[in-house]
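Student: Just so you know, the sequences run in chain order A and B. At position 103 of the first sequence (counting the first as 1) the number is 245 in the working numbering, and the numbers step up by one without a gap. At position 78 of the second sequence (counting the first as 1) the number is 220 in the working numbering, and the numbers step up by one without a gap.
Derived by calculation from the structure, the hints in this document are not laboratory data. One or more hints might be untrue.
Result set (EDC-like, lysine to aspartate or glutamate): computed pairs, CA atoms no more than 16 angstroms apart in a straight line [as the list claims (entries may be wrong)]:
(1) A:K419 - A:E381
(2) B:K430 - A:D295
(3) A:K419 - A:E344
(4) B:K419 - B:E375
(5) A:K430 - B:E400
(6) B:K430 - B:D368
Per the computed footprint, the stretches of chain B lying under chain A, defined by three or more beta-carbons under 8 angstroms from a beta-carbon of chain A, are [stated by the list, open to error]:
(7) 310 to 316
(8) 327 to 336
(9) 358 to 366
(10) 382 to 394
(11) 398 to 408
The C-beta atom is built at its ideal place from N, Cα and C for all residues, glycine as well.
Protein chains: 2
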Amino acid sequence: MTTDNNVQVSVLGLGAMGGALAGALVRAGYTTTVWNRTPGKADDLVAQGAKAAATAGDAVRSGGLVIVCLLDHTSVHEVLDPLSTELAGRTLINVTTTSPAQSRELAAWAAQAGVAYLDGGIMAVPNMIGRPGASILYSGSADVFDRYKPLLDQWGTSTYFGEDAGLASLYDLALLAGMYVMFAGFMHGAAMVSPAGVTAGEFATMAAPWLTAMTGAFEGFAAVIDGGDYTVEGQQSLEFSNLDGLLTASSAQGIGTEVVSMVQRLIQRQIDAGHGKEGFARIIESIKQPG
Amino acid sequence: MTTDNNVQVSVLGLGAMGGALAGALVRAGYTTTVWNRTPGKADDLVAQGAKAAATAGDAVRSGGLVIVCLLDHTSVHEVLDPLSTELAGRTLINVTTTSPAQSRELAAWAAQAGVAYLDGGIMAVPNMIGRPGASILYSGSADVFDRYKPLLDQWGTSTYFGEDAGLASLYDLALLAGMYVMFAGFMHGAAMVSPAGVTAGEFATMAAPWLTAMTGAFEGFAAVIDGGDYTVEGQQSLEFSNLDGLLTASSAQGIGTEVVSMVQRLIQRQIDAGHGKEGFARIIESIKQPG
Numbered sequence: 143m144t145t146d147n148n149v150q151v152s153v154l155g156l157g158a159m160g161g162a163l164a165g166a167l168v169r170a171g172y173t174t175t176v177w178n179r180t181p182g183k184a185d186d187l188v189a190q191g192a193k194a195a196a197t198a199g200d201a202v203r204s205g206g207l208v209i210v211c212l213l214d215h216t217s218v219h220e221v222l223d224p225l226s227t228e229l230a231g232r233t234l235i236n237v238t239t240t241s242p243a244q245s246r247e248l249a250a251w252a253a254q255a256g257v258a259y260l261d262g263g264i265m266a267v268p269n270m271i272g273r274p275g276a277s278i279l280y281s282g283s284a285d286v287f288d289r290y291k292p293l294l295d296q297w298g299t300s301t302y303f304g305e306d307a308g309l310a311s312l313y314d315l316a317l318l319a320g321m322y323v324m325f326a327g328f329m330h331g332a333a334m335v336s337p338a339g340v341t342a343g344e345f346a347t348m349a350a351p352w353l354t355a356m357t358g359a360f361e362g363f364a365a366v367i368d369g370g371d372y373t374v375e376g377q378q379s380l381e382f383s384n385l386d387g388l389l390t391a392s393s394a395q396g397i398g399t400e401v402v403s404m405v406q407r408l409i410q411r412q413i414d415a416g417h418g419k420e421g422f423a424r425i426i427e428s429i430k431q432p433g
Numbered sequence: 143m144t145t146d147n148n149v150q151v152s153v154l155g156l157g158a159m160g161g162a163l164a165g166a167l168v169r170a171g172y173t174t175t176v177w178n179r180t181p182g183k184a185d186d187l188v189a190q191g192a193k194a195a196a197t198a199g200d201a202v203r204s205g206g207l208v209i210v211c212l213l214d215h216t217s218v219h220e221v222l223d224p225l226s227t228e229l230a231g232r233t234l235i236n237v238t239t240t241s242p243a244q245s246r247e248l249a250a251w252a253a254q255a256g257v258a259y260l261d262g263g264i265m266a267v268p269n270m271i272g273r274p275g276a277s278i279l280y281s282g283s284a285d286v287f288d289r290y291k292p293l294l295d296q297w298g299t300s301t302y303f304g305e306d307a308g309l310a311s312l313y314d315l316a317l318l319a320g321m322y323v324m325f326a327g328f329m330h331g332a333a334m335v336s337p338a339g340v341t342a343g344e345f346a347t348m349a350a351p352w353l354t355a356m357t358g359a360f361e362g363f364a365a366v367i368d369g370g371d372y373t374v375e376g377q378q379s380l381e382f383s384n385l386d387g388l389l390t391a392s393s394a395q396g397i398g399t400e401v402v403s404m405v406q407r408l409i410q411r412q413i414d415a416g417h418g419k420e421g422f423a424r425i426i427e428s429i430k431q432p433g
């Protein structure tokens, strides 16, 4: 399944994620050199056909494309700072988990060193890499993304967001925020029904299709938010979105209310500001302009 | 599309939801009598073939099955208390929005009056009634549910939860909790990317499939919760679920952090109690036993 024999790729960092990324490239037939700070992590990959480099410098010199998947932003600088000369003229794709500000800083560092830079945010766990459902977000150099897309597609669905290197990380974090908050909502619901003898498994079979259906509301909320007019007709009003019954019923079940109270506060601040008859989507203003 | 010509059904309450429910029955060919406290609401339904009753008592006496969809629990008692003699021997299906405790109270009232009682929780807005996606949850008399299921199915997917009349309302509220909290998570994500020039619409096209995919995690969380052992392998640990980066990036975007901080607190309380190496699903314990 070799897609481009001419690409000589090096992978720095063979933790669970780096190892999964390198493995997918080896299996796809790419000439792959691997390096890890502590030895031993490369053995399985070498058995599959990868070359192990003794130093990060050796790994960088052996290929035109360098993939970095390290612990954090600090680790990336520790490994790459001494190699700026070797990296000049090469291409760097950094999929280490970093903040938007850190991604932009690395992009500026790379520009200074004459290195083409693409930043990636991985929306998957290691064992999803190369399998359906894995999604990787990219931003930074469009040229790099376009040139190496066949290689990137070995890992999962590749989506490019723009030249601002911080965008992929920002999207990544924004989607993770949605996920963690949704998980808390699921847990609240499961905790509510539990005292009535309903198992979390029974609740999950109702909650998964229900919340999936309700993601259908995002588009309508977004149209209102992007339109900037929260008074357009056909919306559920903030006043109608009264969560008192939910809070009372939660307390009656003997469980905590802080998960739902969080939403109630977002609603109430908009009502207090005189917007009670406007649409529910207006709660985003409580987040954009915290009280 | 008549499914059972022998059913004589009365609908009390013709607000947006009651009117939608009555309309679906009229269109399905049921002999339907309608009543509303304030006149004029029945005109459209009468034009479609419904009979209008002058009083709630007339409506009850005209059929064996009485559907009640009023403003709230108090309204239900105001309308039904004077009619307990007429209701005896008849069947009452109450789809008014009530708390689990109120549903149980009405079930007890009905039992005392010799009325077969089924409670319903409508997971739909009025214009979804009778169309794909409408879901109505029921609990109370299994006999009533089984007998009238063809009629109930005219409104949407009918699901029965058990003899405890409060169960449907409890499920309804638990699912709504999940929905409102998920909406807040979506809004947080949209607020995060907004300063980078990403529209809410662009974010929605990423967030809807992403959160849909992530509902796939509920089943795994539920298995851990129901198993009662948060140390089973293969889970993301609470310590690994560090939201500091998310909070820092949110603050860097100039937006509030209270949505994500809520989740962080649920995680932190479990870590503080010594469970940091256990699975993320353990956050449900922070809800079940609030600090």
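Student: Against this structure, judge whether each hint is valid.
Tutor: Each hint tested on the structure:
Only pairs whose Cα atoms come within 16 angstroms are accepted, and A:K419 paired with A:E381 is accepted, the gap being roughly 6 angstroms. For the hint linking B:K430 to A:D295, the alpha-carbon distance of about 43 angstroms lies beyond 16 angstroms, and the restraint is violated. Under the criterion of a C-alpha separation no larger than 16 angstroms, the hint pairing A:K419 with A:E344 is inconsistent with the structure, at around 37 angstroms. For the hint pairing B:K419 with B:E375, the CA-to-CA distance comes to about 10 angstroms; that is within 16 angstroms, so the pair holds.
The suggested pairing of A:K430 with B:E400 holds, with an alpha-carbon distance near 11 angstroms, which does not exceed 16 angstroms. Restraint check for B:K430 and B:D368: satisfied, since their Cα atoms lie roughly 14 angstroms apart, inside the 16 angstroms limit. Check on the stretch 310 to 316 of chain B: 5 of its residues sit with their Cβ under 8 angstroms from a Cβ of chain A, so the three-residue criterion for coverage holds. Here the stretch 327 to 336 of chain B counts 10 residues with a CB under 8 angstroms from a CB of chain A, which clears the bar of 3, and the coverage holds.
Check result for the stretch 358 to 366 of chain B against chain A: holds, 7 residues qualifying (beta carbon to beta carbon below 8 angstroms, three or more required). A count of 8 residues in the stretch 382 to 394 of chain B with a Cβ less than 8 angstroms from any Cβ of chain A is obtained; the coverage claim is therefore met, three being the minimum. Using a Cβ-Cβ cut-off of 8 angstroms, 9 residues of the stretch 398 to 408 of chain B lie near chain A, which meets the minimum of three, so the contact claim holds.
The structure is inconsistent with the numbered hints 2 and 3, although it conforms to all the rest.
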